[in-house]
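> Protein sequences appear in the order of chains P and R. 60 is the number of the first residue of the first sequence in the numbering used here; add one for each residue after it. 12 is the number of the first residue of the second sequence in the numbering used here; add one for each residue after it.
In case anyone wonders, no lab produced these hints; they're calculated from the structure. Be aware that one or more of the hints could be misleading.
Claimed, not checked - Capping the alpha-carbon separation at 30 Å, the derived lysine-lysine pairs in DSS-like fashion look like this:
id: 1; chain 1: P; residue 1: K444; chain 2: P; residue 2: K460
id: 2; chain 1: P; residue 1: K214; chain 2: R; residue 2: K228
id: 3; chain 1: R; residue 1: K287; chain 2: R; residue 2: K228
id: 4; chain 1: R; residue 1: K229; chain 2: R; residue 2: K244
id: 5; chain 1: R; residue 1: K403; chain 2: P; residue 2: K138
id: 6; chain 1: P; residue 1: K238; chain 2: R; residue 2: K104
id: 7; chain 1: R; residue 1: K385; chain 2: R; residue 2: K37
id: 8; chain 1: P; residue 1: K279; chain 2: R; residue 2: K489
id: 9; chain 1: P; residue 1: K96; chain 2: R; residue 2: K127
id: 10; chain 1: R; residue 1: K287; chain 2: R; residue 2: K187
id: 11; chain 1: P; residue 1: K152; chain 2: R; residue 2: K487
id: 12; chain 1: R; residue 1: K489; chain 2: P; residue 2: K253
id: 13; chain 1: P; residue 1: K96; chain 2: R; residue 2: K244
Keep in mind it's a predicted model, so treat the numbers as computed, not measured.
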Amino acid sequence: MKNVDLVIVGGGPAGLAAAISAKENGIDSILIIERDKELGGILNQCIHNGFGLHTFKEELTGPEYAARFIAEAKKLNIKYILNTMVMEIGSDKKITAMNRSEGLFEIQAKAVVLAMGCRERSRGALNIPGYRPAGIYSAGTAQRLVNMEGYMPGKEVVILGSGDIGLIMARRMTLEGAKVKVVAELMPYSGGLKRNIVQCLNDFDIPLKLSHTVVDIEGKERVEAVTIAEVGPDRRPIAGTEERYTCDTLLLSCGLIPENELSRGAGVELSRITSGPVVNESLETNIEGIFACGNVLHVHDLVDYVSEEAKNAGKNAAAYIQNGAARDTRTIAINPTGGVRYTVPSTIRPDRMDDTLTVRFRVGDVYKNYSIVTYFDEEKISERKRPVMAPGEMEQVILKKADLLERPGLKTVTITVEGA
Amino acid sequence: MYDVAIIGAGVVGSAIARELSRYDVKACVVERDEDVCTGTSKANSAIVHAGFDAEPGTLKAQLNVKGNAMMDDIAKNLDVPFRRNGSLVVRTKEQDRAGLEKLLEKGEKNGVPGLKLLSEEELRKLEPNLADDVVEAMFAPTGGIVCPFHLTMAYAENAVENGVEFFLNTELTSLKSKGDHFLLETANPAHASIEAKTVVNAAGVYADWVNNQLSEKKLHITARKGEYMLLDKTAGAHVDHTIFQLPGKMGKGVLVTPTVHGNLLVGPTATDIENKEGVNTTLDGLDQVTAKSALSVKNLPLREVITSFAGLRAHEDSDDFIIGEAEDVPGFFNAAGIESPGLSSAPAIGVMVADLLRDKLSLSAKSDFKETRKGIVRPSELSAEEQNRLIKENPAYGNIICRCEMITEGEILDAIHRPLGARSLDGVKRRTRAGMGRCQSGFCSPRTMEILEREVPMDIYAISKSGGKSTFVVGKNKEIGRADS
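Turn these sequences into a full structure, and let the hints steer you where they fit.
Take a look at the structure:
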């Protein structure tokens with residue numbers, strides 16, 4: 060069995076940033092395990108631009124953004140293995156992996172960073188009625204076919220779900236010569252970023268139908284038509300509102316699910332809201348020395364935030380390796396309430412936090428002219444007005460360590476949204 | 012001239028082909044679709060029924076109990092996943108005990124071993140997730156679960172190894188009697204006409220059409236649709252037994268069962284439909300499955316659904332299997348109306364029809380019959396040492412293609428290169444489970460396409476989900492919008 064100080068599971072943007080940060084914080088023995096044939100993760104198929112505005116103050120494509128981190132990791136001589144699947148992670152941080160040349164092998168790590176990313180919600184998970192022909196793709200699968208293999212999955216397209224990948228693919232398929240007829244979204248608001256609605260749908264005259272869903276798929280061999288209908292407040296289809304679109308392709312962009320099968324095997328506690336691990340301020344899970352970052356933790360809108368979060372995970376993993384576990388220390392719970400669906404992290408140990416801590420969260424509905432309000436127990440600490448908040452855009456609150464240390468009796472930080 | 016032409020490569024046709032291949036015989040199986048196991052055999056409850064349900068004296072009752080008893084040997088010899096998890100038929104407090112007692116009596120008449128009633132207390136110990144209203148159940152220890160794909164494919168592969176020819180993509184267009192033999196015409200130019208001394212009709216929902224080409228004793232088969240939901244393996248242990256409902260106010264009820272691969276299956280509905288290709292799910296059907304399942308099992312984690320599907324039962328008006336030589340057409344044998352418990356009965360139907368053919372054609376046993384068949388090696392079922400030996404011999408076993416089900420490239424290569432090898436993504440999926448997991452092939456489908464393209468080899472534009480027009484890609488980037496494309 061090999062021994063490695065820090066094993067990072069996944070060589071996408073989260074894994075790369077975590078590795079770089081751990082190295083910069085003094086850890087030399089690092090191994091990134093990547094299942095694909097190259098580093099970079101899903102960014103390699105995201106050839107559109109818009110990445111890196113926060114991190115590099117310029118607009119990069121996905122592969123360009125990844126390339127900068129890959130170059131940095133290589134410059135720092137961080138070890139990585141490709142084409143290798145992690146099969147199991149033990150709560151003792153023993154990792155079982157497999158590839159063609161080494162077969163099954165074990166690595167004992169001192170700390171582990173989970174950076175496996177997420178997967179797309181499938182047609183099956185959405186329980187869409189109808190036939191099960193070819194021509195139904197998740198938006199990401201279509202993206203891979205078009206951007207990496209160079210093949211078009213269809214000519215006439217209906218898209219269900221207004222997640223960012225679906226919006227990006229609406230534009231992409233249009234540019235490649237397909238006709239995108241409509242984007243239907245179950246919710247009364249879009250699941251994607253506002254800028255993607257404008258740049259990917261509005262600019263190409265692709266209609267977005269909110270509060271609509273697919274109620275039938277026709278075609279026994281290949282998709283022949285898709286029927287969409289309006290839904291009521293209960294999200295059930297309203298009879299009589301059906302519209303039938305002939306098409307050969309249905310793309311699904313209905314949400315991303317953190318891939319935590321390995322985490323579950325390690326005994327990591329998962330949140331029912333995010334489907335990601337429950338973590339503290341150090342992005343450490345309930346299993347000591349196992350950290351999580353990126354889309355395996357919670358689904359992000361922007362890779363820049365992933366990089367920032369992963370940098371913290373890498374730094375904290377380094378500190379864990381150097382200093383061992385934290386002694387029993389005061390833990391404060393973060394209580395998401397009143398429209399705030401969850402927060403990452405969900406607990407804070409003030410002794411262990413940096414001078415500031417960015418708490419990220421999503422709201423469960425669209426809020427116009429609401430404020431994000433933070434309470435320390437009953438005491439209102441901050442209030443920030445937001446013209447619009449929507450589930451498709453991640454929000455944040457920044458907590459100061461000094462404020463927490465000043466209040467030794469503090470039990471709960473409440474984050475909520477409040478109307479005028 | 013074939014001695015026997017079997018129409019249909021579902022579990023019944025394949026089981027007959029395999030049992031027939033024990034004898035010196037020239038036989039073929041004619042199948043419309045691009046693979047075996049594409050009709051009723053692929054979309055059902057995957058249950059090996061104990062046999063208490065059918066009316067005593069019927070073929071359904073006899074063959075079910077017989078087929079059930081044969082399943083251990085078949086599963087062992089043909090390397091098919093099978094488990095006797097036991098069945099429970101539960102009654103709720105609104106239902107009286109007489110229903111269960113009647114069922115028990117019927118089961119005993121049918122010769123089902125080990126049936127007994129279990130009290131609520133005993134039940135709760137066995138199955139803590141039974142609905143609160145459940146008060147009693149009948150326990151059938153011989154009930155089991157099987158992989159219907161593997162059972163069908165195992166029969167078909169073993170039949171091929173023993174000399175039976177399978178003609179896939181070969182849709183029967185006409186069937187005529189030519190006095191001392193039959194003429195089958197098909198839509199496949201490679202096998203446009205097939206002559207056979209005898210014909211076996213195992214055509215599933217189309218068995219009435221096949222029969223009615225030749226026989227004056229007309230059959231009428233109704234496609235009875237059943238819709239199902241399949242849940243992730245994280246929900247697979249929600250119940251351990253197969254939970255049936257005693258028929259009640261809401262009809263026959265639905266079952267909740269683990270699958271032999273560790274998922275949880277919920278369904279089916281029962282709706283008679285006109286369209287024999289109508290394997291679409293419906294909003295109403297899926298709602299029914301949801302509502303009815305709650306009558307017997309509580310806290311079903313329905314958010315863990317990974318797919319839903321519908322299958323068609325071949326229901327004949329007589330309400331029993333129609334098996335045997337047609338009275339007015341010597342040499343024409345029916346295996347028609349094979350609805351539930353068809354899968355459970357298939358081993359017995361195979362032997363029954365093969366015996367009839369043996370007697371009809373005076374066949375003699377083959378000296379070199381291969382009784383066993385090896386399935387695809389599943390590295391995940393091997394020890395680490397064994398896996399490493401396998402990977403050393405063939406590194407493809409170290410390369411995971413389907414990350415949800417942890418299926419290696421080695422297994423996919425085996426699925427492609429074995430007898431009746433996979434030629435489509437569904438073919439690969441049913442043989443290996445690649446694409447059958449929680450992401451439903453989102454990640455592995457482009458990779459499996461690459462492997463099919465390289466290994467068969469086949470054109471990328473011909474690679475399909477399930478043959479015919481079910482292809483995946485329509486052109487290269489930028490080419491499809493052009494006027495000439």
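> Quick one, are K214/P and K228/R close enough, alpha carbons at most 30 Å?
The given pair, whose Cα atoms are some 49 Å apart, is violated under the 30 Å limit.
> Hint check: K287/R vs K187/R, CA-CA at most 30 Å. Holds or violated?
23 Å, holds
> Check the hint pairing K287/R with K228/R against an upper bound of 30 Å on the C-alpha distance.
21 Å, holds
> Given the hinted pair K152/P and K487/R, is their alpha-carbon gap at most 30 Å?
Between K152/P and K487/R the Cα gap is close to 45 Å, so the pair fails against 30 Å, i.e. violated.
> Does the structure keep K238/P and K104/R at a Cα separation of 30 Å or less?
Distance of about 57 Å is beyond 30 Å: violated.
> Regarding the pair K403/R and K138/P, is the alpha-carbon distance no greater than 30 Å?
Given that 30 Å is the threshold and the Cα spacing comes to 24 Å, the pair holds.
> Going straight from one Cα to the other, do K489/R and K253/P come out at no more than 30 Å?
28 Å, holds
> Has the given pair, K96/P with K127/R, been kept, meaning a C-alpha gap of at most 30 Å?
With Cα atoms ~57 Å apart, K96/P and K127/R exceed 30 Å; violated.
> Is K279/P close enough to K489/R, meaning Cα to Cα at most 30 Å?
27 Å, holds
> What's the verdict on K385/R and K37/R, does the C-alpha distance respect the 30 Å limit or exceed it?
With a Cα-Cα distance of about 24 Å, the restraint between K385/R and K37/R holds, given a limit of 30 Å.
> Check the hint pairing K96/P with K244/R against an upper bound of 30 Å on the C-alpha distance.
Cα-Cα ~28 Å, so holds.
> Is K444/P within 30 Å of K460/P, Cα to Cα?
Between K444/P and K460/P the Cα gap is close to 23 Å, so the pair holds against 30 Å.
Of the numbered hints given earlier, the model fails hints 2, 4, 6, 9 and 11; all others are met.
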